[in-house]
Every structure is written in C-alpha cells, then in structure tokens.
Amino acid sequence: MSGVLGLDPVVVARARELAARAGAPVVELARSRTTVSVERAVLRLMGVAGADAEGIPWVNRLVDAVADQVGLGYGVAVPVCDAVLRGGGSRVDGAALTRLAQEAASGGARFEVPSGAAARAARRWARSAAAVGVGRVDAARRDRERLVARWGDPPRRPWVYLIVATGDIHEDVPQAQAAARAGADVIAVIRSTGQSLLDYVPEGATREGFAGTYATQENFRLMRAALDEVSAELGRYVRLTNYASGLCMPEMAALAGLERLDMMLNDSMYGILFRDINPVRTFVDQRFSRQVHARAGIIINTGEDNYLTTADAVEAAHTVTVSQLLNEFFAREAGLADWQLGLGHAFEIDPSVPESFRLELAHALLARELFPDAPLKWMPPTRHMTGDVFRGNLLNGFFNLAGVLTGQGILLVGMMTEAVATPWLSDRDIALQNVRYVLGAAGGLAEDFVPAPGGFIQRRAGQVLGEAVELLERIVDGSLLSAIADGTFGVMRRPVDGGKGRDGVVVQADGYVNPVSELLAEPVGGGVGG
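Numbering of the sequence shown is given in the working numbering, commencing with residue 56 and proceeding in unit increments.
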C-alpha cells in the first residue's frame, strides 16, 4: 500500500525529525552507561556457560565478583581476561573464563583494572574471545539464509504468528509442530509468568513454567531443532520467536543470536511501562540488544499494542504512532534495517463504537504507509473479548480481514477464548481455520482497497498523524524520560529514578571496554533478508 491515505510528506518528515530529536538524548545516555545484564551478555558471547548447583549462571557469579572488587565502570571483559593471564593461563577462551567464574564464586579469584602492557594483552584476548561468539552469531544467520533458500518462505503475507507455551518445553515441541502443519508460519513461545523480572537466565530444559515456558538457551535449541524438522517436512521455513525484554534483555538477545531464533519481542518502553523496570536500565539494555539483533538478522517485534490494553484505543491512537516512530529511530541507530522492524499495533477499539472497523482500518493503514518497508506486527482483539466465543471468533475474522486489507506483515492469530482460558489445541485449530479462510478468500484484496479521497479513513489517519506530531513537539520541549514519567504512554507513570534494576546501571569510566559492541559496530559481509 502506498499513497492511499494522501498523507502530507512534509508532516511525515516532521514527525520523523521530531522522533529523532526526542530519542537522541536517550541514545547518548545509553552510550555512556552499561548494566550488569550487558556485561553478562558480553561474557556469554565470550563463551562463559553453565550454572552452579543453585542454578545461578556462572556469568552472574563472575559479573558480581568483578563488580564487588573493581566495579563495572571499565567493563567486565578486560578484568576477567587479565585475571586469567595473571593466573598463568596461556589463552583466554570460554572454558578458561568459566573456570575463573567458578573460582570467583568461592572467593578464589582476584580482579584488577590492568594498565600498560597487561591492559593491552587483556584487550587482545577479550576481543579474540568475543570474536568467537560473534562468529557463532554470524554462522547462525548464514544458516538461516541457507535454509530459507532451500525450503522457501511462506507463499504469502502476512505471516501467520501463533503462540505456543504450556510451561513444559517437551509439550511445546509437538504442539508447535502441529501448529506449523495447520498453517502457522511463526511460532512464539511466551515466557513463564514473571521471568522478565528475574535478573538471571535459567539454565537447561524446563518443564515447570506458569502460563508460559521459561526462556533458556537449551529451550531455544530444542524448539529451533523441532521447527527445522517440520520446516523440512512442509517445504517452508518456520520461524521461531521469543522475548528479549525484562532485566535480562541483552542476554536473551545474545542467546537468540547463538541459537538462530528469527524474531524477538524487543520494545523500547514495554519493560518500563508494564513491568516497572528502571527507564535508564531499559534503554541501555535495549540498545545493546538491538545491536545483537541487527548482526543476527533477527526481526524485532515491538509492543505498542500493550498501550491499548490500558488506554483507550481511539483517544490514544496517536501515542502508538509516536512510539512506532521512536522505536524506528532507536532501531535504526542500533543498526537494524527496515526489514527487521516488526513495529506493533493492535485491533483494540471497542466494537460498540460507531464505525469501529473503519477506525481500525485508518490506524492500520497509517502504520503501513508510515513504515512501508517494515514487516508490521498486527495484534488481535484482547481487551474487549467477553467470553462469548462466537462473538470472539467474529471479531477475529474482522481483525484478519483488516490485516489483509491493509497489507500487514505479521498477523498474530486471535483466540476466541482470549482472556478466558489457556487455549486448547481445538481453540487454535478454529482460530487457524478463521485465518486460512480470510487469507484464502481475500488474500489479494489489498490491491483493490483504496479509501475514498477526503473520506472518513483518510481524515482519521491525518488526524492521528497530526496529534502524533503535536505530542512529539511537547516531548521535544521537555524530554522523553519526562513524558514516560508523566504517564504519556499507556497511562503508566514511571519516573527515571524508580523501577526495578536501577542498581544494575553503571556509568562508563574513561577506558571502558566492551569488545562485543566494538565488533558489532564494525561492518560485516554477507546477505540480508527477512
């Protein structure tokens, strides 16, 4: 879809300019700080693996020990490599660093910030170890490109996105494979309740999640292998999604890159607004995680749909547009390409509102025209689902039709039992039937759908864009952090000095070293693709 809304290009350019001005101070803040989770992600990419008998990952033990002895202002990479070398190690790799973490946990390791020749040696080894991990991420990306070339992408857009999460990874696997056979193109394994607030990543395959399955490296590996198996069977590459959000956002991104996940939920403000995570912690973690996603060829999915579960979807429509523009700015600054921007929006207007479907079309078309090269993620109705499964299935049909008419890229399958019960397999089957019917009957209708010039849809889209520009002007006059504190987005007030994880933020010292960020900032060869 291009140009069907008659948007003023001057207003569109103004909106992007304001978003960049609003976001620039946050980027500078993120560039000058690190967090415990960024440093743990660095260690994971340098090869540190495993956990102690209590289930606490060795990366946590090692970062905590360095923080206690010398602080994290210089980063963790140089002090740990220096410790290995001072201890008589002939080389620094993942195995040596894991042994060091074990020694540190028992109080047997001493850290310092080296200088001179010792500092230069530690930096060389840190870069070498980090290059191994980044090389594994590069290899996983090449594997994806090779498999997509072999098996092919789904034959049509939008991609059908389905959630599977029983709490038990070994139950998730057959359900995910069954969903793929029934037409799902993307499998999302949602996380166990509250995992975003854990300041460590659980280890191993898990079977005890609540309303979701724990995100772990082993669970990522198991599900990716299962979807590769069914991809070969079906002759189309089935994508895997999880979450890079919460207190371990950078680590989740690193593990996703290592295990060839294809999409990750990664919003700039979700954790701040809906999990009360400190804003500075979130923005620092987000920037690093998006650098990893850019290198890994992962599509991010943003969370603007969540605003409309707490704010009115008509009155707050412009806040969704503002957030999309900010997410675009932050993502591009971190190196993501437009084909990786699964910007979120949702079908959440109260069905009793007059002309609700026309309003939904206006909002969805506005997102499509503002971000023509982004694989937008279109979310189904949740807030106004009542438990009437017949009404719910009808609403989902309207949602699917809106997705087709407006050329969305990723369509999350709506369940008629949404917000009532954990869906059964039969619920998913009915929901997928709904999607298949609409895509089969109206899949090409976007080329025929052109709103009337000056009509209701064009006027509404122009109104929302104008309100978005006005809000961005107010944000620029103040600051984005102040706007978040004032409840601008999702009616949630989150002050800059509040929230969980605040004590995990550290200002970088002169001489701070992050070998992973250095490598990710360098150009890399190879192809790209969705």
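Honestly, the hints are just simulated from the structure, not real lab data. Remember, predicted model here, so these are calculated numbers, not experimental data. Hints are not guaranteed to be accurate.
Said to hold, decoys possible - Across the chosen pairs, the derived CB separations fall in these ranges:
| # | residue 1 | residue 2 | range |
| --- | --- | --- | --- |
| 1 | GLN124 | GLU284 | 43 to 51 Å |
| 2 | VAL505 | ASP558 | 37 to 45 Å |
| 3 | ASP254 | ALA564 | 18 to 26 Å |
| 4 | ASP484 | HIS225 | 42 to 50 Å |
| 5 | ASP484 | ARG514 | 34 to 42 Å |
| 6 | SER534 | GLU577 | 25 to 33 Å |
| 7 | SER407 | VAL444 | 30 to 38 Å |
| 8 | ASP254 | VAL444 | 23 to 31 Å |
| 9 | ALA108 | ALA287 | 35 to 43 Å |
| 10 | SER170 | ASP254 | 28 to 36 Å |
| 11 | ASP393 | ASP558 | 32 to 40 Å |
| 12 | VAL66 | GLN157 | 16 to 24 Å |
| 13 | ALA172 | VAL562 | 26 to 34 Å |
| 14 | ASP552 | ARG205 | 45 to 53 Å |
The beta-carbon is built from N, C-alpha and C at its ideal position, and this holds for glycine as well.
Verification of the supplied hints:
no.	hint	in the structure
1	GLN124 / GLU284: 43 to 51 Å	holds (46 Å)
2	VAL505 / ASP558: 37 to 45 Å	violated (54 Å)
3	ASP254 / ALA564: 18 to 26 Å	holds (23 Å)
4	ASP484 / HIS225: 42 to 50 Å	violated (21 Å)
5	ASP484 / ARG514: 34 to 42 Å	holds (40 Å)
6	SER534 / GLU577: 25 to 33 Å	holds (32 Å)
7	SER407 / VAL444: 30 to 38 Å	violated (18 Å)
8	ASP254 / VAL444: 23 to 31 Å	violated (39 Å)
9	ALA108 / ALA287: 35 to 43 Å	holds (39 Å)
10	SER170 / ASP254: 28 to 36 Å	holds (31 Å)
11	ASP393 / ASP558: 32 to 40 Å	holds (36 Å)
12	VAL66 / GLN157: 16 to 24 Å	violated (59 Å)
13	ALA172 / VAL562: 26 to 34 Å	holds (27 Å)
14	ASP552 / ARG205: 45 to 53 Å	holds (51 Å)
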